[in-house]
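Chemist: Sequence:
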Amino acid sequence: MMPDEHDDAEASAPRAEVGRFRRLKAARERGLVVAAMDLPYWIEREDGAWVLFVEENARGQAAAALAEFEAEEQARVHVQKPEPLVIPKLALALTLVAMVIFYRMQTGANPVLIERGVAVDARILHGEWWRCFTALTLHGGVEHLVSNLGLAVFAFAFAFSRFGTGAGLLGTVLGGAMGNLLNAFAHAAKPHASLGSSTALFASLGLLAGGELAARLMHRATRTGWQLLVPVGAGLAFLSLYGGAGSNRDGTPIMDTGNVDLMAHLFGLVAGVALGSVLFAAGLRRGARAWVQPVCGGAVIVVLAAAWMAASRM
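First residue of the sequence shown? That's 358 in the numbering used here, and the numbers climb one at a time after it.
Please keep in mind that the hints were generated in silico from the structure rather than gathered at the bench. A portion of the hints provided could be inaccurate.
Unchecked claim - Label pairs and their calculated CB-CB ranges: (1) Leu482 - Ile658: 45 to 51 Å; (2) Ala545 - Ala663: 21 to 27 Å; (3) Leu396 - Val652: 56 to 62 Å; (4) Val457 - Ala383: 58 to 64 Å; (5) Ala450 - Ser669: 26 to 32 Å; (6) Leu447 - Met575: 43 to 49 Å; (7) Pro468 - Lys446: 32 to 38 Å; (8) Pro651 - Lys382: 46 to 52 Å; (9) Ala638 - Gly497: 16 to 22 Å.
Predicted model only: the values in this text are computed from it and were never measured. Note that the Cβ used here is the ideal one computed from N, Cα and C, for glycine as well.
Whenever a hint applies, use it, and build me the whole structure from the sequences.
Modeler: What follows is the structure, given as structure tokens:
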């Protein structure tokens with residue numbers, strides 16, 4: 358008998374075997390499960406294995422607890438391991454170049470057309486849907502562009518790594534458009550307009566949080582309150598660091614300035630979390646079927662082209 362044995366009176370009681378294990382450590386771990394129910398147990402060496410015994414009248418109770426323990430252990434073993442970070446450098450570079458090209462085209466375009474591409478909330482609510490998309494391709498100046506390019510390097514690198522270039526870009530654009538739409542409703546009571554890719558970039562970060570949230574929901578071992586809070590909390594932390602314009606003297610955040618629109622960033626993040634969960638659950642991520650990424654990438658081109666065509670019909 359092992360040191361887990363009890364006194365002679367208890368040891369003489371009828372006993373039942375509830376498990377055999379190759380390793381003593383495994384037997385002791387199961388013994389602790391039994392002990393947690395205030396039941397005596399014994400571990401003995403028998404035929405090259407470590408055998409766990411309990412009292413005969415406690416066999417059913419111990420077996421049920423051990424079965425639950427084994428199920429939890431099995432779920433923990435099958436928790437998806439973090440995928441290696443593989444950044445598609447060429448796709449990332451081309452996406453950044455596209456942002457610069459859009460700005461160059463903007464500087465030489467008809468000002469009336471550019472005005473029809475800005476996310477003017479009142480006009481969006483009156484049916485000019487394209488503004489939700491076109492505003493994502495516009496910037497207020499070189500400084501604005503460079504600032505967003507800096508954020509885009511990290512947002513796109515991680516989103517493309519997790520979801521693939523096509524699906525990551527589609528989720529980013531759709532999330533940004535949804536963020537602009539939600540922002541329009543939030544500012545329905547007062548005149549408000551915005552432009553810039555930052556709403557889409559926060560949607561891209563939201564994709565990551567949503568994808569991680571969906572991954573954790575798929576496994577029992579990570580389907581707990583704190584485990585689910587981590588990815589959402591990470592997104593909100595990033596928003597608090599880079600999504601606002603600072604704070605007022607009383608410590609409250611500046612929600613809206615001429616250059617920074619925290620509400621748009623927040624709505625982009627929220628939309629991204631929702632889309633990221635859906636994309637991940639639907640299997641639209643890196644390593645999916647070969648046709649998925651080009652189809653998603655083509656959808657981005659079609660959507661943006663359709664939006665600017667609608668804006669040009671003056």
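Chemist: Next step is simple, just say for each hint if it's right about the structure.
Modeler: Right, here's what the structure says about each hint:
With their beta carbons about 27 Å apart, Leu482 and Ile658 fall outside the hinted range of 45 to 51 Å. A hinted range of 21 to 27 Å holds for the C-beta pair Ala545 and Ala663, which are about 25 Å apart. Taken as a hint, the range 56 to 62 Å holds for the pair Leu396 and Val652, whose Cβ atoms sit roughly 58 Å apart. Between Val457 and Ala383 the beta carbon distance is about 59 Å. The supplied range of 58 to 64 Å therefore holds.
Range check, Ala450 to Ser669: about 29 Å between beta-carbon atoms, so the 26 to 32 Å window is met. In this structure the hint that Leu447 and Met575 lie 43 to 49 Å apart at CB is violated, the actual value being about 31 Å. Between Pro468 and Lys446 the CB atoms are about 36 Å apart, so this pair conforms to the stated range of 32 to 38 Å. Between Pro651 and Lys382 the C-beta distance comes to about 50 Å, which sits within the given range of 46 to 52 Å.
One distance hint, 16 to 22 Å for the beta-carbon pair Ala638 and Gly497, is violated here, with the actual separation near 37 Å.
When held up to the earlier numbered hints, the structure conflicts with 1, 6 and 9 and fits the remainder.
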